[in-house]
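> Now for the letters of each chain:
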Amino acid sequence: MPTNILICGVGGQGIVLTSKLIAAAAMAEGMPVMSAETIGMAQKGGSVFSFLRIGDGAHCPMFGEGTADILIAFEPAEAVRMLPYLKADGRAVVNTHPIMPVTATLKGSDYTGEEMLDYLKAHVSALDLVDGEKACEDIGSPRALNMIMLGAAVRSGVLPFDISTIEDTMKATVRPQFVEMNSKALHYSE
Amino acid sequence: MHKEFLMGNAAIARGAIAAGLNVVSGYPGTPSTEVLETAAKYNASADKKNLYVEWSVNEKAALELSAGAAYCGARSMVTMKQVGLNVASDPLMSLAYIGVKGGMVILVADDPGPISSQTEQDTRTFAMYSKLPCFDPSSVQEAYDMIQTAFEYSEKYHTPVIFRPTTRVCHGYASIDVKDEDEYNLNKPEGFVRDPSKWVIFPRLSFQAHTNIEKRNTELSKVFSGSGLDPVINPSDSKIAVASHGINYAYTMEALAALDKTLPVLKVGTPFPFPEEQAAEFLKGREKVLCIEELDPVIERALIYVCGKYGLDTRICGKLSGHIPAAGENTVASVTNALADFMGLELPASAVHEPPPPLPVRPPVLCAGCPHRASFFAVKTAMQGKKSVFCGDIGCYTLGNAMPLDMVDTCLCMGAGVNIAQGINHVEPDTNCFAFVGDSTFFASAITGAVNAVYNQADMTLVILDNSTTAMTGHQPHPGTGRTMMGEIVSKINIEEVLHGVGVKTVETVDPLDLKAAVDCVKRVSAEKGVKAIIFKSPCAVLVKGGKPSHIDKDKCRNCKRCVNLLGCPGIVMKDGRPAIENSLCTGCGLCAQVCPFDAIGGADNAD
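Those protein sequence lines, which keep their order, are chains A and B.
Read in my numbering, the first sequence has 125 at position 125, and its numbers run on one by one without any break.
So the number in my numbering is just where the residue sits in the second sequence, counting from 1, plus 1000.
Mixed in with the good hints, there may be bad ones.
Claimed, not checked - Derived EDC-like pairs (lysine to aspartate or glutamate); straight-line CA-CA distance at most 16 Å:
(1) A:Lys121 - B:Glu1354
(2) B:Lys1575 - A:Asp110
(3) B:Lys1003 - A:Glu29
(4) B:Lys1387 - B:Asp1459
(5) A:Lys107 - B:Asp1576
(6) A:Lys20 - B:Glu1004
(7) B:Lys1575 - A:Glu114
(8) B:Lys1041 - B:Glu1488
(9) B:Lys1288 - B:Asp1341
(10) B:Lys1003 - A:Asp56
To be verified - If you want the footprint, here are the derived chain B segments under chain A, 3+ residues with CB under 8 Å:
(11) 1169 to 1177
(12) 1197 to 1209
(13) 1305 to 1319
(14) 1418 to 1426
FYI, nobody ran anything at the bench for these hints, they're computed from the structure.
Beta carbons: idealized from backbone N, C-alpha and C, even for Gly.
With the hints as extra help, turn the sequences into a complete structure.
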């Protein structure tokens, strides 16, 4: 059975690169991998997702509801939106920092993210909350979020490889001047 | 052979190159764009450049160019999305009669949902209408292998063939087996051999060609039946079975695994000419078959036809019988439910969760700093209180329809806006009719509309939103950019000169981010009679490095929220009940500073 991974968030948060790194790490370990992600108009500030499957037995990149082993959510409301895909005993790694949609800004909506976190706490048994905003401040770059989330996801032990594989893959992928920042982000909160 | 992690579209390009591709042309459109881009990238890195790659000005030009190459014995491919085939349908229908010498694949990506298209049309139906063989891959690996097969069939039968993946195959990624370069086929074109009895279409030739096409398609139906391209998976004498295609085949296999059942599945890889004999053999002795398809019920209708023709009493179910939704995209879950229902199985009750709190909706919006926002706002401001209609077109700027801009009254298809505006003007002469069109769309199909407007004495304002790229599909070059896919720097085709050339007398170019100048320009130009044009020129915000973000001076801000309510820019958010700049998104375009009545926004490079 393959390991099913669902990454979600808002367009522009670095979800596609995160997905690519997980796939490359799986390839480096010699495991078959499939993925599918949002491309096109929805990337412009819309809800985006990436489905990933690592291991034998997958027919297509997308999997059904209730079958994700891990949900890596870059935004609390997006975590709730995609929660139906998570297995009953699946793990969710969630960034606590909310992103206001433009429509909420216009209507003066009171969305704060807190109500989403309360819902997640009540419905997910294996929940890791990550304060992505604070972590980015500590590391000194808003672009570190994807590596912070990826590091937290790998440490949960659900992905079929360890942090050193991901770190090697990252080093081979990003430009040299960003390696140090990304390494720090991968190991944040260890 | 080696393994690579490839996107479906990249696999298609790489498969075509392995098959000896000489020429590839196309017009960008989701979900097809990455096929041609992958070919261009490969070309840029290859030692010997055996491949000619171009983004053509539109799909009709692209298809005709690839046909010319195939007349010479080249292996050629033309790429487009499903609605692009409508633009290319004139040459397509005739080329089916003329045929080709070298293998020619017409790659048309369909978009069930639709996710980013105007229609849910099915290119399998178009293949049937144009009488061209059609290939429908179900996975990234199959797309890589099948495109090579498609070239072989095209060359063997001297006909262009259609290759039509859907979004989930185009944009899915998988680690697949690909050939090493020394395993590639090399195709050396013979060149054009003059033969007017072959290459010049005439009624008499067409009559003969039509006869030959029907004969060939009857033969191909038999050939496909024994080809292995339409295999039966899990063969057994089960009374019930499934027929499917493309990504739906993969959903079916996932659903059967989830239900812990095994059923025979006819996987239709060549929907046209339909493999009748294979299908008849598959249907024999079955009580009922569920056709799991997206878009048109192509397989369902074909199987109903086969039942009639071969005297079979199998009940064929699918979209027409209400077992599968008539429109939209299928999913693993929807197919699992449909299969369970069809097999009379109880689905295990899914865990009932307390309904979640209301989720924020995130419709796509124009990016922070997008010059289109400024252009729309300038026209809106200038035309306040005047009877106006704003005709939109296809591109990022269709998003000008969103609140609070609300500046797109019509949108039909590529290049339509300029002609729709004329139609409205002839019925409502007292209305100020505007047509908004992007630079790439202008070159693709709005020039004829401008000529039509001038010649037929329309009264309208043509607004060109020139951001110097094809932004929606990922920044492809076009005739106005001065770059080609072969890496050449060429002279740009100037939109202002084109408009003057076709007889538009007033053409003014203005920077939309200079709000006052832009509003004045719209007032002045739109007041003139006849056809007049405004070119809003400012580069796509994604392409230029953003400037210093703006800053809101809390002492000056009186919380009137004009910046939020007028512009709808994702770079301005509400924090603790007051507008605040989202630094990670703001490009410092300075538009908000120009709408603030209290001079509270500043700091950006362009603000002063």
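> So if I understand the rule, the pair passes when the alpha-carbon distance is 16 Å or less; does lysine 1288 of chain B with aspartate 1341 of chain B pass?
holds (13 Å)
> Check whether three or more residues of the segment 1169 to 1177 of chain B sit with their beta carbon closer than 8 Å to a beta carbon of chain A.
Answer holds; 5 residues pass the 8 Å Cβ test.
> Go check the segment 1305 to 1319 of chain B versus chain A for me, would you? Three or more residues, Cβ under 8 Å, otherwise it fails.
violated (count 0)
> Mind checking the alpha carbons of lysine 1041 of chain B and glutamate 1488 of chain B for me, to see if they're no more than 16 Å apart?
Answer holds: lysine 1041 of chain B to glutamate 1488 of chain B is near 14 Å, not above 16 Å.
> With a cut-off of 16 Å on the C-alpha distance, tell me whether lysine 1003 of chain B and glutamate 29 of chain A pass.
Roughly 13 Å separates the two Cα atoms, so the pair holds.
> Holds or violated: are the alpha carbons of lysine 107 of chain A and aspartate 1576 of chain B at most 16 Å from each other?
Distance ~14 Å between lysine 107 of chain A and aspartate 1576 of chain B Cα, so the pair holds.
> Given as covered by chain A, does the segment 1197 to 1209 of chain B meet the bar of three residues or more with CB within less than 8 Å?
violated (count 0)
> Measure nothing beyond the straight line between the CA atoms of lysine 1003 of chain B and aspartate 56 of chain A; if it is 16 Å or shorter, mark the hint as holding.
holds (15 Å)
> Are the Cα atoms of lysine 1575 of chain B and glutamate 114 of chain A separated by 16 Å or less?
holds (15 Å)
> Given the hinted pair lysine 121 of chain A and glutamate 1354 of chain B, is their alpha-carbon gap at most 16 Å?
Holds: lysine 121 of chain A and glutamate 1354 of chain B sit about 13 Å apart, inside 16 Å.
> Keeping to a limit of 16 Å between CA atoms, is the pair of lysine 20 of chain A and glutamate 1004 of chain B held or broken?
Within the cut-off at roughly 13 Å; holds.
> Check, residue by residue, whether the segment 1418 to 1426 of chain B contains three or more positions whose beta-carbon lies closer than 8 Å to a beta-carbon of chain A, and give the verdict.
violated (count 0)
When held up to the earlier numbered hints, the structure conflicts with 12, 13, 14 and fits the remainder.
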